[in-house]
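There are 2 protein chains.
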Amino acid sequence: MVTNNRNIAMAQKGVLIFLAIMLILNCCGQVNNTFNLMPVPAGLKANTNRVRITNQFRLSIIGPADSRIYADASRFVRRLSNKTGIFLDKQGYIIRKDTNISAQLLVRVERPGRLRLGEDESYSIETGASQVVVTATTDLGAIHALETLLQLVSTDADGYYFPGVLIHDTPRFAWRGLLLDVALHFMPVDVVKRTLDGMATVKMNVLHLHLCNDQGFRVESKIFPRLQELASDGLYYTQEEIRGIVKYASQRGIRVVPEFVVPAHTTAILTAYPEFASVKRNYHLQRYFGVFDPVMDPTNEKLYPFLEKLFGEMSALFPDQYFHIGGDENTGKDWENTPHIKAFMKARGMNSTADLQTYFNRRLLPIIKKCGKTMVGWDEIFQPGLPKEIVIESWRGNESFYNSIKSGHPSVLAYGYYIDLIQPASYHYLNDPIPDSVTLTDDERKLDLGGEATMWSEMVTPVTVDSRIWPRTAAIAERLWSPKAVNDVDDMYRRLDMVSLQLESLGLQHISYKPPLMRQLANSWDTRALEVLVSVLEPLKIYERNEGDTMYNVFSPFTKIADVATPDQKVPRIFNRQVAEFLSKPSPKMEKEISKKLILWKENDAQFKLLLNNSPVLLEAALLSENLSLLAAAGLEAIQFIHDHEKSGSDWLQESLAVVNKAKLQGGRCEIQVVDAIQRLIQRAAD
Amino acid sequence: MVTNNRNIAMAQKGVLIFLAIMLILNCCGQVNNTFNLMPVPAGLKANTNRVRITNQFRLSIIGPADSRIYADASRFVRRLSNKTGIFLDKQGYIIRKDTNISAQLLVRVERPGRLRLGEDESYSIETGASQVVVTATTDLGAIHALETLLQLVSTDADGYYFPGVLIHDTPRFAWRGLLLDVALHFMPVDVVKRTLDGMATVKMNVLHLHLCNDQGFRVESKIFPRLQELASDGLYYTQEEIRGIVKYASQRGIRVVPEFVVPAHTTAILTAYPEFASVKRNYHLQRYFGVFDPVMDPTNEKLYPFLEKLFGEMSALFPDQYFHIGGDENTGKDWENTPHIKAFMKARGMNSTADLQTYFNRRLLPIIKKCGKTMVGWDEIFQPGLPKEIVIESWRGNESFYNSIKSGHPSVLAYGYYIDLIQPASYHYLNDPIPDSVTLTDDERKLDLGGEATMWSEMVTPVTVDSRIWPRTAAIAERLWSPKAVNDVDDMYRRLDMVSLQLESLGLQHISYKPPLMRQLANSWDTRALEVLVSVLEPLKIYERNEGDTMYNVFSPFTKIADVATPDQKVPRIFNRQVAEFLSKPSPKMEKEISKKLILWKENDAQFKLLLNNSPVLLEAALLSENLSLLAAAGLEAIQFIHDHEKSGSDWLQESLAVVNKAKLQGGRCEIQVVDAIQRLIQRAAD
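One line per chain: the protein sequences are L and F, in this order.
In case it helps, our numbering puts the first sequence at residues 461 to 1147.
In case it helps, our numbering puts the second sequence at residues 461 to 1147.
So here's chain L without its partners, still in its complex pose (with noise of 0.2 Å):
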């Protein structure tokens, strides 16, 4: 204790010292140079200086930090070494007792950081003359150091180098986190694993494995092993995975937060031991995605000491702090259906199946304590008589979030962070957890963790989860990380591109997942029609994918059209930028930049029409692709009238609104992305 005390103490006092350089960097507006660093830094100065880097290259850490270091050291020395082609063999594994203090990279850590909520993740760099010195209180923050120091590589005639810099970085909130449902969809150990890496990149810190739900159960259990056995198909960490993931989390600075969802979302524990159920019934893993009404009975003594040791159980394999209980989408069905549940709450005066589950989450909370941990739950939970100490989880709305935080409740924010439904980066970006707009007193700011962003995985399987999750989360990151103004989005997106290519050279297949797919696709090594037509489109959005006749399930393929569609694709972003340009500044050569696309467009679906004969996989789109193809003909039309500084007649503006209506039309659960700025085009030609 007296270790933890001075160590809290140490940081604090490090705070101070670096709030006073940071001030002096002026770093509290919006950073000038950004080079491509995303997350972008509290404070960043750039100066001449220039650190080469070639096969003489050594990395020496001083000080009495964390084994995690010298792990994450020779990660980056490979990684170094991969990008640049040089040959770095001159150390394989940094080991402690390497220590060289002209090394090309020193990194001074004052001590071993611990994996918890608030611990000193800050860190400095100061590029010299011929060395690069990293400054950090904590393991923790020189693993950061690293991702940015990895991040600035630079190039020249001469080769790679280092370039001048001094950096004062220090995270904006204390809770970096990724929601993984590993249960809807379960994602394999190498899925999480390079998740992990790609969190490590832009400085996330919390794991959240979102862990069982009606579908399955997704960690064995030596205790009650019918979970893994009848509720999983097969589908399951082992505890000794559960453990490495951990590790290799912790390598990289990042807690993992477990969530174990009851009373409700848990078909899949009932179809293992029915007898905690509301109602008796045939209980089998739910193969559809949604909300149901299977609950667990919290009027059943037995029930709690089956959580007591379960969650002992499950508790003990996740050295983290937190422990997330779910209490989400309890339709309470199952309650007031059930006699002896309604007698039960008539008896305590409880006047809602709400207040039967804060009397659930009440016996809750000693379990969760007895574990040594401290409960976390979703917004749902978050009613009168909730202990305050528990944390929430808010994904119904930023409303929710900041009542959660004045009523005293540590709180997440989520709503916002829903990377599901394929939203682009910018509307995540701009949604700040503090916005102008709420004033938050000190106390409260502490309330105020951070964030998550939320990966469900109705819609995604292991070849898809990476385009879902990446880039877009970079942005949250950024947000979570950097100070409050740094909110340029066109400066973002520039980023994200480079992060992007960054992310995937770490092995994560946001971008390389494509080609692959559309071979399939398509049925063949010619991919091109199917490309163009692809890079304007983007999935439904929202939860609209699921709606119509086909409901989608586990079992379902997702390996279509859809899936190969990206979120906030590049193409049309680009595209209707230009448009807008051109349409408050024709330009002959925006004009020619817009014609040369809307031509492409036009005389792709020719060819895709090719494509079918081959594969009937992609008949779903032939719409689709022929909307595209009368959407650019009326946008290469309207170029002309404007071209011309001729106004079209009505016939052809109703026509061509005709067009354009149609391409509103979602095609193989996809809706075309420059509808909006070609209708702009059509409109101004008639104007």
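These are calculated hints, taken from the structure and not from any lab test.
Quick caveat, the model's predicted, so the values are computed rather than measured.
It is possible that part of the hints are untrue.
When chains are identical, the list treats them as one kind, so a pair holds in a single copy or across two.
[Unchecked claim] Derived DSSO-like pairs: lysine-lysine, alpha-carbon spacing no greater than 30 Å straight-line:
id	residue 1	residue 2
1	1062	1107
2	944	1062
3	550	944
4	833	1122
5	543	1124
6	1049	1107
Knowing the structure of chain L, use the given hints to seat chain F on it.
Same frame as chain L, but now just chain F:
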């Protein structure tokens, strides 16, 4: 034992009936219609039936099969759904009670297959009017049938269907292996699993895991934990992971044969347990690749109890009958230079270190037998006095292979299947285990077990390894499965192209790893110029890559142009064929085709040079790009001469040949693959 004998009798009866049917199908010559099947079945007749694949599709298994077929059939349905985009969610997991004799796909199995050498793997497929019926003696045959069916899926205007076929198929050789070396470069579990997926697709049935070498010991030992603690760099499989790999393989009908090399190539074991070395040294893991002197001391009586315990523990992890003890590349120096070993040899009248190694092997044999295993070793151990029951794997030449067979050893051919040496698929394909020049008696034929592609991992990483294994290994798989008469190289390449796409649908990254690596190399999203250059390059062949200034080791970057270049490139293969065709019969069409490519290559260098600014790692290929440009320019001039029916002057010829010679130089450990063809154009222009 009774069951086994009965099974063998049944299998033999099955084979006889089978051979009779194949004679009726006239299958012993070249099969006429090979569809896109690889390997080509032993007997195939097409008919006009079409069994359509709709969302009503069902698969049913009849008969007492091993449970593995249910897992494989469930996987089959998911793969079929992923390929066609059809929601086949009527069946999630195929289960035993799910018998429906009117299912669209009916699989009849006579008895559970046992995963052992020589087990019946035959199957038949018959497409009726509305049902496909698979018949197999064992589920192992049925698994092969399902792979054949996936390759048969066809399309027309109405959608997807299984075409009309009558297939009777059985393998030519019983041992159709792939050696995966996970010692020199460790390969994570997911690499092993996707390799198994690929193997199953082309009906290979032995994964030979090379599990230790000088660079590391890759399996957790609970008895000798120093092996993984001191001699693996943390890169090893836990026993749980090994069991997972074995199970995954078994579900695909694949045996796993482990190899633990002794007595040489044991630097890793000696790092952990130096007391077993012949020479007292400070042993460390070897970081370079090659043949080294460290070797166990066969005169140390404590060595044998150690090996008995170690191999007892290891062999228990691998249920297969065979256990490979390596035995290769012992320099013998550490034996010759050690007095007590010399004395030991002299006292026993041994003339050479080979004799001492035979002594060691004779000591080893009872240990391996006590483990219940059959011993396998590389052909160095094939020495006079070696017990005949030991299986020899030949890597030093076909001669050595036939000698080993003729001297009575069951033998497996690896020579000619060294896929790490970057030779074309055609070379491996035409390396028949029993060429026309060799005559084997019936008894000798029984000793010819088959062959193994060998993926040694000096020069590959988990990122690049797929591109060295696939698709070429599919050609070897066909050589080992299909009748000898199936040897049309052009048809092989046609089908290899399709199988290559099928393999990537399984998650193999032999194609898709390239764009990310090129983006990293180019340090840019725009990799067109790099793609054009790489498309005509292959890495240096045989062992040339590791010669010259820089010796590769385990820490080297394998992220360079030689890593993104792949063996047996398609662009040069097609270009070279076109040039041959053009030279034998000039035509305007071919002239145009060839010129188009030459212009592309000529003009590419200017674009490639632009990449260098951002990407010093590409500098090593700058001369290569320039040489390709000059070579293409000379080729275009040659085409012009030929077009004009003019004879070039001898000055031009000399200049052009100088260009050709420069273009033969390596750059970035790669060679241009179109030099010879362009040289022939130049020669023709001067004729």
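Tested hints:
1. With identical chains, the CA atoms of residue 1062 and residue 1107 are at most 30 Å apart within one copy only, with a shortest distance of 23 Å there and 47 Å across copies.
2. Taking identical chains as interchangeable, the C-alpha atoms of residue 944 and residue 1062 are never at most 30 Å apart, the minima being 43 Å within one chain and 51 Å between chains.
3. For a Cα distance limit of 30 Å, the shortest separation of residue 550 from residue 944 qualifies neither inside one copy, at 42 Å, nor across copies, at 51 Å.
4. Taking the shortest alpha-carbon separations for residue 833 and residue 1122, neither the intra-copy value of 55 Å nor the inter-copy value of 69 Å comes in at or below 30 Å.
5. In this assembly of identical chains, the alpha carbons of residue 543 and residue 1124 lie at most 30 Å apart only when taken from different copies (28 Å versus 43 Å within one copy).
6. In this assembly of identical chains, residue 1049 and residue 1107 lie within 30 Å of each other by CA distance solely inside one copy; the values are 22 Å within and 48 Å between copies.
Comparing the model with each numbered hint stated earlier shows that hints 2, 3 and 4 do not hold.
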